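Peer 1: Please model the complete structure; the sequences and the hints are all you need to start from.
In case you want the letters, here they are:
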Amino acid sequence: MLKSTRKPRNHSSIFIAAIIFSILLLGCGSGLKYKREGALHIPWHSGWLLPRYDGYNTGFVDRELKLPLELKWEYKTSAAVTANCIGNEYFIVAGDLTGNLYMINTANGKKMSKESMKGVITAPPLLKDSLLFFSTNTKNDRFGAINIKSGEILWENEGMDFSTIFSVGRGALYIGGGNGRIGAWRVANGSEVWSKIGNMQTSGGCITRDTIVFAAFSNGNVTAYNSLTGEKLWQRKLGAAQSGHITITDSLVICAGLDSTVHLLDTESGSEIWDYQVDGVIRGGVSIAGNLCYFGCNSGKLFAIDIENHSELFYFQTDDPITTSVLITKNKVAFGSLDGRLYILNRFTGELLFQYETEDQIISSPILAGNGIAFSCHNKKLLYLYPH
Amino acid sequence: MSKTKTFFQIFIFGCLILLWFHSKSAAQYYFGQNKVQYTHFDWKVLTSKHFEVYFYPEEKEIAEVGASYAEMAYDELSAIFSLVIEDKIPLIIYSSPAYFTQTNVVSSLLPENVGGFTEFFKGRVVVPFNGSHDRFRRVIKHEMVHVFMFNKLLDSASMRNKFKIAPPPLWFVEGIAEYYSQRTDAPEIDMIVGDFYLSGRPISLYDMYYMAGTYFIYKLGQAFCQFVAEEYGEDKLILLFDNWLKNKSFEELLAATLGESFEEINSKWIYSQKKKYYPKLSHGDIPKFVAEKLTSRGFNVKPTVYTNPSGQTWLIFKANRMGYSGIYGKIMGQPKIYNFIKGERSAEYESLHLLESSISASKDGLLAFISKKNERDRINIYDIIRRREVATIDFEKLIRISSPHWSSDGKYLIFSGITKSGHGDLYMYDYRGEELTQLTDDIYLDISPKFSPDGKKVAFVSERSPEGRYGKPGIYLYDIATGRITTLIEGDCGYRSPSWSESGDSLIFLGDCEGATNIRMLTGFDNQQYELKQITDIPTGIFDPIFADSSIIFSAYSEGAFHLYKLTPGNFDQDSGLTFAGTEPYFSSWEPPSLKGELKKGVVEYQTKYSFDIAQSAVGYDAVVGPIGGLQFALTDMLGNHQYYFIISNTANTTREIADNFNVAVTYFNRSRRINWGVGGYRFKYDLYNEYDGEYTEEQLGGVGYITYPFSRFRRMEFSLYLRQYNKKWLFFDDELEGVVASPYISYIKDTSLWEQTGPIDGMRLNLTFGTSYNINTGEPYSRTFLGDFRKYIRISTLSCLATRVLYITSGGQDPRRYYLGGSWTLRGYGFRAFYGKNVFLSSAELRFPLINTLLIGFPIGNFDLRAIRGALFIDGGNAWDDEYDGLHGSFGVGARVNLGAFVVLRLDFAHRTDLKNVSKKTYFDFFFGWNF
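Keeping their order, the protein sequence lines are chains A and B.
Residue numbers for the first sequence follow our numbering, so the first one is 1 and each next one is one higher.
Residue numbers for the second sequence follow our numbering, so the first one is 1 and each next one is one higher.
In short, the hints are calculated from the structure, not lab data.
None of the values given here were measured: they were computed from a predicted structure.
Misleading hints may appear alongside valid ones.
[As the list claims (entries may be wrong)] In silico lysine to any residue, SDA-like type, Cα no more than 25 Å apart, as pairs:
1. A:118 x B:250
2. B:162 x A:301
3. B:456 x B:470
4. B:293 x B:340
5. A:237 x B:165
6. A:301 x B:233
7. B:162 x A:116
8. A:301 x B:250
9. A:118 x B:269
10. A:237 x B:168
11. B:49 x A:66
12. B:921 x B:893
13. A:237 x B:442
14. A:381 x B:152
15. B:164 x A:160
16. A:76 x B:340
17. A:139 x B:340
18. A:118 x B:247
19. B:274 x B:561
20. B:685 x B:639
21. B:600 x A:195
22. A:196 x B:259
23. A:118 x B:231
24. A:237 x B:49
25. A:381 x B:847
26. A:237 x B:162
27. A:76 x B:162
28. A:139 x A:195
29. A:139 x B:163
Peer 2: So this is what it looks like as structure tokens:
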């Protein structure tokens, strides 16, 4: 009589399978995206994500934007997002007016993380390697750095009304507050390098280049400080509060504000080289590529001016005020208006190449994240448009 | 059931009922003046890019112009505030102030000086057109600033998920609206702000908070915004709104935005105004130092003179001396002032248009002045010698009339008239032939006409120049024979109030080249050798100048009041350096804007669409039963002509009773015409207690109808009919009254009262009501009630009066109503509801007087400021009885009242009781709230 017998288990194969699985798990661990609330986690090599692509706030990206675009996703935030986002092909980081910092997957618009900073975020965040720098105002006024790997706040400093753009360079973070205090703090631990008081709100933000930090204030002053010591190098008084964020090039400081005028100052001396007045206050700052500046104003016009020839190249009229700054690519400019449309023009001729109608006013400056454009609307939605 | 519990239920229910009755309109209130809808409008809606403009056909042209001005204001303000308003803004336009005061958008009566308003619940902007395009444009823009500011703050908050905004102080709200809508130094700023400083009352920013509700805040606020723009930069006004939500208070906001502490800003503000106004005295004068002051009390304007056959010269003028406007006269050189006409207390003189219309006396002693009666203005002719009115003249096509002026032969009257379409032109009336002739017929406002002494020409003020369009009118001459208009003077200054000399060779008028208006004199009409001189330099401004023989009489604002002054020839300033170009033919120069292209969307009939108007809850907590709640809300249409009111409450004592104890009332009111009417249905059930019935339950299910007919602003009849299934069940008597009951009521109400901070101070109030209730099946009467409440206020001085009251109520029948007496509101010195019966009698006399102007109490956490504390000496007497009257209960004592703001008046009374034979030794004390009777 034949008997069937069960073969004994081979425990060693299970053991090997477990080891392999564990190795795989560990190996992929750093690539897994955590969705745990309260911590921002991003892929390892994030690079440097700046508010406007370069450390000088030019708004220029030396890539091309393909058209036409279509809506790839939209994401509803808890409150409106007015500061421009930062992003790349993997993720987009945005801060809203109740202090939430979001990380959204660029590919599919899903939330990767959300951190509550409990203050109002009106300045765009800044990401370098594993440090995410943020600032808040209105309540819990502070600025600091978050270790994005752990989600832990590395350091934070309290103060007053940090509501405008700040910058990082040479190991320091340069930021100004509502009480006129401006200074430099070490990015590693937040300790103060230097700080000065004497002006009003840094309504035009701070930008650093080499060993100089430039700041624009609500009393119309534009000031240059030695970034290492805080020594004032020069100061120029302009007509009104500087409300658009300051932009710098090799030789120029460009600012604009509530006097409806764009001012070009020499970086070395602060002397005014040229100014150009338009018919509405300029809220969104000036973008520059080469010798062409682009900016929108409250009369609803988008202006392109040639700073070499000191002339107007063109203007484009929208239906409502433009309060955000302009994204410049190789051949195009993109901007949003309170009329709810995203406009893309030929940046040399002003020809309208594409427009996208949203449901509500566009209130944050568009950014290029991967191959698409991200911006936010008054109805508390983040939109991502991608080439069709 | 405890009395406390029942009382509380009644209290809450009573509040709801009071809210319900109060919400209906002033006309359904116990007293109150009436908003009369004299005119029925056939409303249409014009849609533009950002607005829905509500208008009627007669004013279509004005509606389009208004829409254009609104779109222009929208574009400008959208850029200033960086704000887009998505929903169309409702803009309701009336072609005359007379129509504007009839609006139902708000239920309260609108004072005459309200130039427009914005209502924030539905975002409605309501403005009148008074003929002036400049004023129309400015008022629309002023209201639009409110719309933008309100929306900006709301929008900023909602983007941050905040639902509470700290509102800005009223002086800033009105000031910034004036600043953005006027944009130039208005003469009124010099008048108001300059006077504060030049009369030794420098106004600080702290003081401005106490001026809410006065015209001062408009100009002080505007001056402050101008100061910020000049001292810190106009961009700072924009920055204020950017920073709004970052700061806890307005003072913090100013400090953060301007970069200095509030104290420093205040110091700079005061200093800047001193620097601006003090130097004006180096060349200008305070009127009392250069002219003879002719009046000493009140608000005195619009003088005219008349010399009687015996050579006495009368000065006749309009004034507001004790809260009511009137026309007064005095013999020059004598102190006594006679009150010829008492305004604002009767339908004939509902308004005398104190500041808008001048008066004129003919050589025959006939005074012509304008008053509003019912829907329209009319001309009144008053015989100065016999002191009586002799004629009234009104014209059906003219809604508004102003500034009548007699020709020197007394045959003609010339005046400015505004039709239903809103256009203001000159008209001439043949007084004897009773014939009206229209002299001008165009879109430009023509006002202040004055016959030349020879009767051949008329000097008048008009906005027809390019500068006039923007608030700088000129003076023109109209030739009666040919109808030709020539330009006398126009330009960058505003010119107003022309007045001829007796010989006709000189003309005086006002010019505002220096800011405040001052007198210029143009001579040489006899020989065309013209010379122009400046006669006065009063930094706070002069108004209404007239020749009086060789003197000039005028009104001037100084030390917080308007007074009349006389300038004698020796005091005329000869040095002016002014040039006069001579008269020129006039050519029409501007057209009003119109909606073009994509701005204009279309016109449709008005449709009644309802939306929420008010919603409020009344919630109370009873120590025995716990929370008791109720809800009232209203749905109204855009114009407020159709209103639905809903009340829901519950008076259950236990959860099992909730379903059975819902009280619901729904009422519809139609206010679109003069007769206001309403219908409603309700279901009430409540458990009650009183000393007579004990505990009982009353349940009513039925309907009600109302009709209100206002005779005028001051008098009305009210009718109401309740028809209901009625059930009353006594708990202890085991008895029940049931049936279908009808209760008709009729009331006559008259109210001419004038109010101050704690209650009425002048005028009278009367309510006579009679009603009955009967079972309509059996004809059995249940009850009949008569109420008579008469109150008279005899003015003694500006802030004091003797207030008297007589109240009588009687109720009879099978189930009479019973009423309470006792407590702070009725018979003082006795407990609340101490007396109770079918019959009530109460009589009171109270001397009201000012006690303390300002009381500042310091606490560790801050100061507490009480203003306008009033005192009272009173005597009350009355009783409530069923069948046997058992004598008078009296009391007398002293009291104090203070208004804490909004509608809360605190009252404190100390009284002794008396039966007219004995006086109690004990002093009884009442501390409660409520207006004076």
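Peer 1: Does the structure keep residue 456 of chain B and residue 470 of chain B at a Cα separation of 25 Å or less?
Peer 2: 30 Å, violated
Peer 1: Does residue 442 of chain B lie within 25 Å of residue 237 of chain A when you go C-alpha to C-alpha?
Peer 2: 52 Å, violated
Peer 1: So if I understand the rule, the pair passes when the alpha-carbon distance is 25 Å or less; does residue 118 of chain A with residue 247 of chain B pass?
Peer 2: 16 Å, holds
Peer 1: So if I understand the rule, the pair passes when the alpha-carbon distance is 25 Å or less; does residue 196 of chain A with residue 259 of chain B pass?
Peer 2: Roughly 15 Å separates the two Cα atoms, so the pair holds.
Peer 1: Hinted pair, alpha-carbon criterion (25 Å max): residue 301 of chain A, residue 250 of chain B. Please report holds or violated.
Peer 2: With a Cα-Cα distance of about 33 Å, the restraint between residue 301 of chain A and residue 250 of chain B is violated, given a limit of 25 Å.
Peer 1: Between residue 274 of chain B and residue 561 of chain B, does the CA-CA distance stay at or below 25 Å?
Peer 2: 20 Å, holds
Peer 1: Hey, residue 237 of chain A versus residue 162 of chain B, does the alpha-carbon distance stay inside 25 Å?
Peer 2: 36 Å, violated
Peer 1: Please work out if residue 685 of chain B and residue 639 of chain B have their alpha carbons no farther apart than 25 Å.
Peer 2: It is violated: about 34 Å lies between the C-alpha atoms, which goes past 25 Å.
Peer 1: Take the C-alpha atoms of residue 76 of chain A and residue 340 of chain B, compute the straight-line distance between them, and say whether it is at most 25 Å.
Peer 2: 71 Å, violated
Peer 1: So if I understand the rule, the pair passes when the alpha-carbon distance is 25 Å or less; does residue 49 of chain B with residue 66 of chain A pass?
Peer 2: 34 Å, violated
Peer 1: Is the straight-line distance between the alpha-carbon of residue 237 of chain A and that of residue 165 of chain B 25 Å or less?
Peer 2: 34 Å, violated
Peer 1: Holds or violated: residue 381 of chain A and residue 847 of chain B, Cα atoms, limit 25 Å.
Peer 2: 66 Å, violated
Checked against the numbered hints listed earlier, the structure breaks hints 2, 3, 5, 8, 9, 10, 11, 13, 16, 17, 20, 21, 23, 24, 25 and 26; every other hint is satisfied.
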